[in-house]
Amino acid sequence: MSEQENTTTVSDNKTTDNPKDKTNGLANGGMPNLNMIKSGGRFLTTRVGENKIFCKELFSDDEKAIYELMSDFAENEILPVAHDKLEEKNEELVRGLLKKMGALGLLGVDVPEKYGGSAMSKTGMCILAEGIAKGGNSSFATVWSVQTSIGSLGIIWYGNDAQKEKWLPGICSGEKIAAFGLTEPEAGSDAVNSKTTGVLSDDGKHYIVNGQKIFISNGAWADVFTVALKIDGKFSSIVIERGTPGFDIGAEEKKMGMHGSSTVPLYFKDCKVPVENLLGNVGEGAGPAFCGLNIGRFKLGASAMGGQMLAIKEATKYAKERKAFGQSISNFGSIKEKLGDCVVRTYTLDSMCYDTIGQQQDAINDLDENDKEYYVKQGNTTERFIAENSMVKVYGSESTREVVDHCVQIFGGYGFIEEYPMARAYRDERINRIWEGTNEINRMLCGRDMITKTLTGELGFREYLNQIDEYSSNGVDSGYVGDYKPEAECIEASKAIYAIALNEALSKFGQDIGVEQMVMENLADMLIFSYVADGTMNRVLQNTELYKKRGDELPSLCLQAYVGEEGPRVMEHARRILNRIFEGNIPQDIQDKLEKLGKRLLLNTDTIEMKKIIGEKTVEALGYPIKNY
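Mind the numbering: the sequence shown is residues 1 to 629 in the working numbering, read in order.
Note that these hints are calculated values from the structure, not bench results.
In this text the structure is predicted, and so the values were computed from the model without any measurement.
Quick reminder that beta carbons are idealized off the backbone N, C-alpha and C, glycines included.
Just to be clear, a hint being listed does not mean it is correct.
Said to hold, decoys possible - For lysine to any residue, the following SDA-like pairs were computed, each having C-alpha atoms within a straight-line distance of at most 25 angstroms:
{"no.": "1", "residue 1": "Lys-254", "residue 2": "Asn-160"}
{"no.": "2", "residue 1": "Lys-195", "residue 2": "Asp-270"}
{"no.": "3", "residue 1": "Lys-166", "residue 2": "Val-199"}
{"no.": "4", "residue 1": "Lys-317", "residue 2": "Lys-617"}
{"no.": "5", "residue 1": "Lys-612", "residue 2": "Asp-552"}
{"no.": "6", "residue 1": "Lys-593", "residue 2": "Gly-412"}
{"no.": "7", "residue 1": "Lys-596", "residue 2": "Asp-469"}
{"no.": "8", "residue 1": "Lys-195", "residue 2": "Gly-250"}
{"no.": "9", "residue 1": "Lys-508", "residue 2": "Glu-595"}
{"no.": "10", "residue 1": "Lys-372", "residue 2": "Asp-270"}
{"no.": "11", "residue 1": "Lys-627", "residue 2": "Asp-61"}
{"no.": "12", "residue 1": "Lys-89", "residue 2": "Pro-112"}
{"no.": "13", "residue 1": "Lys-64", "residue 2": "Leu-104"}
{"no.": "14", "residue 1": "Lys-612", "residue 2": "Gly-246"}
{"no.": "15", "residue 1": "Lys-114", "residue 2": "Val-376"}
{"no.": "16", "residue 1": "Lys-508", "residue 2": "Met-571"}
{"no.": "17", "residue 1": "Lys-166", "residue 2": "Lys-64"}
{"no.": "18", "residue 1": "Lys-99", "residue 2": "Gly-170"}
{"no.": "19", "residue 1": "Lys-254", "residue 2": "Gly-415"}
{"no.": "20", "residue 1": "Lys-320", "residue 2": "Lys-627"}
{"no.": "21", "residue 1": "Lys-195", "residue 2": "Gly-246"}
{"no.": "22", "residue 1": "Lys-377", "residue 2": "Pro-185"}
{"no.": "23", "residue 1": "Lys-64", "residue 2": "Lys-548"}
{"no.": "24", "residue 1": "Lys-548", "residue 2": "Gly-482"}
{"no.": "25", "residue 1": "Lys-254", "residue 2": "Lys-64"}
{"no.": "26", "residue 1": "Lys-114", "residue 2": "Asp-371"}
What the hints assert, rightly or not - Cβ pair distances, simulated, as ranges:
{"no.": "27", "residue 1": "Asn-579", "residue 2": "Arg-95", "range": "51 to 59 angstroms"}
{"no.": "28", "residue 1": "Ile-417", "residue 2": "Lys-508", "range": "47 to 55 angstroms"}
{"no.": "29", "residue 1": "Lys-372", "residue 2": "Glu-419", "range": "53 to 61 angstroms"}
Please take these sequences and the hints and turn them into a complete structure.
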């Protein structure tokens, strides 16, 4: 079978040829790369080692500068007020911090320079989302995230010149705070069934808006709101300014966490909104509403990563100082294991995040910046990566759950005391699995996107299935040659098992598969493992020489520990799906394939020792021990 070349994002966000590495990749007779398009899902039908992914080690000098700028701002401006003043819902302080960020160009990340923005790449946005979380206050990180994504992206991508000139400069400077109104009492995850309506006035100058929105982040402070509604029964988006007649802002919600952020309902009663505030045309509300959410999902994952790094730092410092039984608790094996597990989850999430955003930036680079539809097409481009963005959101939020829980446990009783940072972190992280679409919804989105791509032939899925038949039935391996052979075979086996399960599910349920939510969730969990493991291994492979030069064994250990522990769980998900499909009587030929593939999921990996070593290095470094670049 012939070898093929691929393309990827590199540090300057240009597209370059990446011939197959001669050390790590396919041997003759292996499974080839079937998918060469710049769209999501290609990792499934592309072998490990075939793609050079974007990661921190490829940061350009400009990206390094942005990373340092945001990290310094978080440490020096946010962290000192994170535990007390920002938790008091201090609007004056929030506005002051936003204005400082605006002056540094940290608010207009997606905004063209002509409207006061800094026009950063999507990788720049990811860097900022990670960095702001290191300020130790999730509430303020949320304010920034809404300001730079769902609160403004609708205007950036779908607004006309007049709308952009009116609202974007103030948003970029921090003079105006932005918010987004989508969720309603009867339309949360099912947002397109909005009950908020707009009716054209008799004189044709206004839309008369009636309805309600709930759970609006930044709501009490915002000056500019992008609101989803129905006009003539068509899902649309409109911008409504504070002070518009008939627009009222409700009382603050009493939340379990995120005490420093504003969350309120919005009420519209015969609210008169100028027709020129409509984004795009009537019926074009999906773009402003959902493209913003799509971006918000990978930003949540990036923020989760930064928060995990800070939690590791705090827990390590405490473990080093805390004495028990005559010694520092950082010497105890269980503490080392917890710290090691935190680092594994953080490194894998890091790899996944930047891989995901690198793919999108690479696709965006193909667009013509002079095209009048450039920003609309940019939003459409991100839609090609729905599955990846949803997976980042799910894995990011769920890895943070585990990391924060470990860190609370390391703090012991003090982890339960509000004077210490972990209590707030524990409360605040819980919302991550709910907003930007619940994790259940995101698992469904992930599944639907992959199903669409398989049915349309975009992924070369049928060809891939034919190869899997030989791969699984005859006992041949994937054809991978190079370092981490057991891990590579485990990852390829997980992809093959996912493809078999998906094919059988589609054969059984057809278009009704969406009703089978637990089938879809188990499919998503299989896919998440494959995607995380694939990206992590590609990162380790392409940086092998750099890591050797540094004398850094931790990335390799993180890869091996993650695949060794999580790989076997793929079979659990597959059997749940197949037992549902075949009502507990899985055909013998499929069982035979599963048995042969399943053996490749079981690695002889001493994950206990690996996490111990990682934990020890974390204690030595007094925090996250892996260098960024």
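Evaluation of the provided hints:
{"no.": "1", "hint": "Lys-254 with Asn-160", "verdict": "37 angstroms, violated"}
{"no.": "2", "hint": "Lys-195 with Asp-270", "verdict": "14 angstroms, holds"}
{"no.": "3", "hint": "Lys-166 with Val-199", "verdict": "24 angstroms, holds"}
{"no.": "4", "hint": "Lys-317 with Lys-617", "verdict": "13 angstroms, holds"}
{"no.": "5", "hint": "Lys-612 with Asp-552", "verdict": "15 angstroms, holds"}
{"no.": "6", "hint": "Lys-593 with Gly-412", "verdict": "46 angstroms, violated"}
{"no.": "7", "hint": "Lys-596 with Asp-469", "verdict": "11 angstroms, holds"}
{"no.": "8", "hint": "Lys-195 with Gly-250", "verdict": "18 angstroms, holds"}
{"no.": "9", "hint": "Lys-508 with Glu-595", "verdict": "22 angstroms, holds"}
{"no.": "10", "hint": "Lys-372 with Asp-270", "verdict": "35 angstroms, violated"}
{"no.": "11", "hint": "Lys-627 with Asp-61", "verdict": "16 angstroms, holds"}
{"no.": "12", "hint": "Lys-89 with Pro-112", "verdict": "31 angstroms, violated"}
{"no.": "13", "hint": "Lys-64 with Leu-104", "verdict": "15 angstroms, holds"}
{"no.": "14", "hint": "Lys-612 with Gly-246", "verdict": "61 angstroms, violated"}
{"no.": "15", "hint": "Lys-114 with Val-376", "verdict": "17 angstroms, holds"}
{"no.": "16", "hint": "Lys-508 with Met-571", "verdict": "20 angstroms, holds"}
{"no.": "17", "hint": "Lys-166 with Lys-64", "verdict": "32 angstroms, violated"}
{"no.": "18", "hint": "Lys-99 with Gly-170", "verdict": "10 angstroms, holds"}
{"no.": "19", "hint": "Lys-254 with Gly-415", "verdict": "22 angstroms, holds"}
{"no.": "20", "hint": "Lys-320 with Lys-627", "verdict": "21 angstroms, holds"}
{"no.": "21", "hint": "Lys-195 with Gly-246", "verdict": "17 angstroms, holds"}
{"no.": "22", "hint": "Lys-377 with Pro-185", "verdict": "32 angstroms, violated"}
{"no.": "23", "hint": "Lys-64 with Lys-548", "verdict": "22 angstroms, holds"}
{"no.": "24", "hint": "Lys-548 with Gly-482", "verdict": "16 angstroms, holds"}
{"no.": "25", "hint": "Lys-254 with Lys-64", "verdict": "39 angstroms, violated"}
{"no.": "26", "hint": "Lys-114 with Asp-371", "verdict": "16 angstroms, holds"}
{"no.": "27", "hint": "Asn-579 with Arg-95: 51 to 59 angstroms", "verdict": "56 angstroms, holds"}
{"no.": "28", "hint": "Ile-417 with Lys-508: 47 to 55 angstroms", "verdict": "52 angstroms, holds"}
{"no.": "29", "hint": "Lys-372 with Glu-419: 53 to 61 angstroms", "verdict": "55 angstroms, holds"}
Comparing the model with each numbered hint stated earlier shows that hints 1, 6, 10, 12, 14, 17, 22 and 25 do not hold.
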